[in-house]
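*Asks:* As a plain string of letters, each chain reads:
2 protein chains.
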Amino acid sequence: MKKIINNIDNLVHEMCSGIAEAFPDKVEYDETNKVISRKIKKTDRVILISGGGSGHEPAHAGFVGKGLLDAAVCGDVFASPSVMQVYNAIKKNHTDKGVLLVVKNYAGDVMNFDNAADLAIDEEDIRVDSVCVNDDVAIEKKDDRRGVAGTLFVHKIAGAMAEKGAELSEVKRIAEKVINNVRSMGIALESCTVPARGKPTFELEGDKIEVGVGIHGEAGIRKEPHIHSKAMAKKMIDRILSDLPFKKEKECALMINGFGGTPLQELYVLANDVIKLLKTKGIIIHKSMIGNYMTSIDMAGASISLLKLDEETKALLDEPCDSLAWKEF
Amino acid sequence: MKKIINNIDNLVHEMCSGIAEAFPDKVEYDETNKVISRKIKKTDRVILISGGGSGHEPAHAGFVGKGLLDAAVCGDVFASPSVMQVYNAIKKNHTDKGVLLVVKNYAGDVMNFDNAADLAIDEEDIRVDSVCVNDDVAIEKKDDRRGVAGTLFVHKIAGAMAEKGAELSEVKRIAEKVINNVRSMGIALESCTVPARGKPTFELEGDKIEVGVGIHGEAGIRKEPHIHSKAMAKKMIDRILSDLPFKKEKECALMINGFGGTPLQELYVLANDVIKLLKTKGIIIHKSMIGNYMTSIDMAGASISLLKLDEETKALLDEPCDSLAWKEF
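Order-wise, the sequence lines are chains A and B.
Numbering-wise (this note's numbering), the first sequence opens with residue 1 and increments by one.
Numbering-wise (this note's numbering), the second sequence opens with residue 1 and increments by one.
Don't read these hints as lab results, they were simulated from the structure.
Some clues are possibly wrong.
Which copy? The list can't say, so a pair holds if one copy fits it or any two copies do.
Derived lysine-lysine pairs resembling BS3-like cross-links, with alpha carbons at most 27 Å apart [stated by the list, open to error]:
1. LYS279 <-> LYS39
2. LYS164 <-> LYS235
3. LYS314 <-> LYS208
4. LYS39 <-> LYS281
5. LYS164 <-> LYS234
6. LYS279 <-> LYS26
7. LYS287 <-> LYS42
8. LYS248 <-> LYS199
9. LYS2 <-> LYS208
10. LYS142 <-> LYS39
11. LYS26 <-> LYS250
12. LYS41 <-> LYS250
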């Protein structure tokens, strides 16, 4: 394994420190709890906190900023942050208007974020609520679906709502609207290598791809022969649209997300195929994003996320935001 | 070779088409000449055109936009665009105030951009001038130095100057000031795979890294044992500062650039080491950038670029810009 690291045990800390050193005007770093939070705190709005295991950079610390998250709690690589990490993030960043936790649907995250919320409510009388993102349509059963790249649309749209000064119930309502209208599907060409393990998490013979991968190096739903970009686009979009039919609503936001080891070159090619396919279906793309947003360390591959928009979510998606990895103005 | 592509011969076209399809409000695509240009054209400022071989995405098409480039001419993967491609880009995008070409110091690019400029001057009476970026300090001899990630600071600062309505001579002057004050150095952990070749360009035994790589998959200046991030940071920064001493001037802009196959996780760790090292030397970082800006397809590794700032370049660096891959506001 060749990586640009120093000490595996210290990786998450050094990463967070790098972000804080590079952007000292925008974020601050709580080393004890591994929390990246906004530099400028306000007391008159709902606070949005997300996080999870590390290894998904720029998520989630790269989305801390105006119109997005207030804080990101960084667990070890592919491991949920602890209850105390999340609890302390809530305690240090909360306002009287309350806190909304944006949790990805993984057992560890759900348990720890929920327990942290309970603790903050019981011990500190802080108003805390949470939403759970489960956008991964690779998995048939809705309750089992993982939270993947579509989570970033929740950050953006709920973040814009919170920035406007909306109440906690309103911020939660819009976050849930996004969750109900976003679907993602991913394909991997090569496994990632978790630093502590030192070798690829799964093996893919020469010409095989993993269809329906998650973002933690878990193997996909099935192995299939390697296909061209156009066929990958069709496979992923067909699955997404079978679960998220567009009827009267015709507008969407599209994210072509790289998993960390796939160059932009390939993401642009995939975007070309996806957008042309969506056009043939009469779906209008209000906004496209192409890049590494929710990665799986250095996995090669990409996911497609589609968010069905209405006037309300569209307007909030277009609101300004300012973070390391997502800027709108 | 597993990549998300369709047809190798059509790769550059599909990539450009993907960019144009995804961002139709911002850029337009001249398919014949493989040129991405700004959607909204103005006639009252100097036009900035760059480009070169493809494979460096998001460079250069991702830097077309307000306060940056007006057009990017896209050659085949790692091959200069032709004279006619560049000539047509000049012809279609020029204004009466003139055109500045930003060329990276590679024989093919220099020859073709120069010939295109001569042709535009002779045939069309267009005012064209050019600058040549040679920021790669891996190479000792200045004339032989390659243009690498530091080129993006030229785009940004000359782009801001052009946006203000400055004359061609002024835009050229500031571009050359940036070129004189920017240095880069790169290290690769794994080779890239050029799609048409289908296998890695160079081989690196298990524990070796390439020090002083360029951005075209060429092997570096020497192979060395794999070292930790902190040692990599020191190696690169020492070389840069030996060529670009900071005396009274203490402010710089820093770019930690990924080569395409290295995840942000590792770039953040490297940034942490670089910034802490620069601080011990009393160098103040006015602006940091961490990400994939000038890639080498899917090469694993990173480069560091350091730009020494004065009040003029600092102010222009901070000016707003709006492209796919670089936004300031």
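*Asks:* Each of the hints needs a verdict: does it hold here or not?
*Replies:* Outcome of the hint check:
Only between protomers do LYS279 and LYS39 lie at most 27 Å apart by alpha-carbon distance; the minimum there is 21 Å, versus 41 Å within a single protomer. Taking the shortest Cα distances, LYS164 and LYS235 never come within 27 Å of each other, neither inside one copy (38 Å) nor across copies (47 Å). For a Cα distance limit of 27 Å, the shortest separation of LYS314 from LYS208 qualifies neither inside one copy, at 38 Å, nor across copies, at 49 Å. Only between protomers do LYS39 and LYS281 lie at most 27 Å apart by alpha-carbon distance; the minimum there is 26 Å, versus 44 Å within a single protomer.
In this homomeric assembly, LYS164 and LYS234 never come within 27 Å of each other (Cα to Cα): the closest approach is 38 Å inside a single copy and 45 Å across copies. Taking the shortest Cα distances, LYS279 and LYS26 sit within 27 Å of each other only across copies (19 Å), while inside one copy they are farther apart (38 Å). In this assembly of identical chains, LYS287 and LYS42 lie within 27 Å of each other by CA distance solely across copies; the values are 25 Å between and 29 Å within a copy. When the C-alpha separation of LYS248 and LYS199 is checked against a cutoff of 27 Å, the pair qualifies neither within a copy, at 48 Å, nor between copies, at 47 Å.
Taking the shortest Cα distances, LYS2 and LYS208 sit within 27 Å of each other both inside one copy (24 Å) and across copies (9 Å). With identical chains, the CA atoms of LYS142 and LYS39 are never at most 27 Å apart, being 37 Å at best within one copy and 42 Å at best between copies. Taking the closest pair of Cα atoms, LYS26 and LYS250 come within 27 Å of each other only across two copies (22 Å); inside a single copy the shortest separation is 36 Å, beyond that limit. Neither within a single protomer nor between protomers do LYS41 and LYS250 lie at most 27 Å apart by alpha-carbon distance, with minima of 38 Å and 30 Å respectively.
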